[in-house]
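Student: Each chain, written out:
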Amino acid sequence: MKIITYSTYVMVWLGLLALTALSVTGAGIAPGALAALLPLLIAAIKALLVLAFFMHLKYEGWAIKIMLGGTVVTLAIIIGFTFIDTSFR
Amino acid sequence: MVIKDYTGAKIGMWLFLFTEIILFGGMFLLYSVYRSTHPHEFHEAAEGLNVITGIINTIVLLTSSLTMAVSISATQKGHKKISIIFLTLTILLGLAFLTNKYFEWGYKFRHGIYPDSPGLLKEGSGEVLFYGLYFVMTGLHGLHVLAGVLLLSIMLPPVINGKINSMAYVKLENSGLYWHLVDIIWIFIFPLFYLIT
Chain L
6 MKIITYSTYV
16 MVWLGLLALT
26 ALSVTGAGIA
36 PGALAALLPL
46 LIAAIKALLV
56 LAFFMHLKYE
66 GWAIKIMLGG
76 TVVTLAIIIG
86 FTFIDTSFR
Chain G
388 MVIKDYTGAK
398 IGMWLFLFTE
408 IILFGGMFLL
418 YSVYRSTHPH
428 EFHEAAEGLN
438 VITGIINTIV
448 LLTSSLTMAV
458 SISATQKGHK
468 KISIIFLTLT
478 ILLGLAFLTN
488 KYFEWGYKFR
498 HGIYPDSPGL
508 LKEGSGEVLF
518 YGLYFVMTGL
528 HGLHVLAGVL
538 LLSIMLPPVI
548 NGKINSMAYV
558 KLENSGLYWH
568 LVDIIWIFIF
578 PLFYLIT
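Sequences listed follow chains L and G, in order.
Under the working numbering, the very last position in the first sequence is 94; numbers go up by exactly one each time.
Under the working numbering, the very last position in the second sequence is 584; numbers go up by exactly one each time.
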């Protein structure tokens, strides 16, 4: 059982704050399509940090990781396939 | 760990979290389709939201995830006082988030923007959709924050009296998992509603 150190948590938190700042400034100064995409990409990275460290996922077995992956893939299919429909109406 | 089925309990919580991901995912689906059909109106409507409030709320929740994680590590290490302090901080930060939301929504209501308001219906359907999604998604998320605050408050007495300790902490860990997920949901809500201007 891995006990994560306080300092690791603080480092992750600082990283999250930095990514938030990046997201806000990026949304303001990036051109067109990037301004829409960048904050979302950064959000995904922030979510991965929270999942890996705060939620301990980096140190869990493969079972939970695979189940989480399956959930995310399911959601991606739900959204993706909807767009295959709505994009061509 | 020593309790009956630590791994089973943890997997059980993760299964619940997966249902939450699909729940909010469905609303993100609505958002993405309606934004793709009303890109300009969403961009305009988002101007009505206060980015600073959004940033403050983001910082509040990110910090609450830190305090939650520290509280759990502290329990695992047997640092009871630190665990109690940081669990309390997490609860207070959750309440701060809700207080912020209260003022943010109140401001919108006073300016005539709420679901089905005449002022809102006067605007185009794109704006109606944006604010409909805004109130439902931040509303449901806010309810989850409230539930989390209650859950963490319920965890406080056993941490204080030692029922939750370094040999039996899965209840606290699972509460933490729930709290972090609520944080992750906000991590996505924030750019989609506040940063599309």
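It cannot be assumed that every hint is accurate.
To be verified - Derived lysine-lysine pairs resembling PhoX-like cross-links, with alpha carbons at most 20 Å apart:
no.	chain 1	residue 1	chain 2	residue 2
1	L	LYS63	L	LYS7
2	L	LYS63	G	LYS397
3	L	LYS7	G	LYS467
4	G	LYS509	L	LYS7
5	L	LYS7	G	LYS464
6	G	LYS558	G	LYS464
7	G	LYS558	L	LYS7
As the list claims (entries may be wrong) - Just so you have them, the derived chain L footprint on chain G, three or more residues with Cβ under 8 Å:
no.	segment
8	393-405
9	416-422
10	528-535
11	570-578
Quick caveat, the hints were computed from the structure, so don't treat them as lab data.
On a predicted model such as this, the values are computed, not experimentally measured, just so you know.
Glycine is no exception: its CB is placed at the ideal position from the N, C-alpha and C atoms.
Student: For which of the previously enumerated hints does the structure constitute a violation, in increasing order of number?
Tutor: 4 and 10
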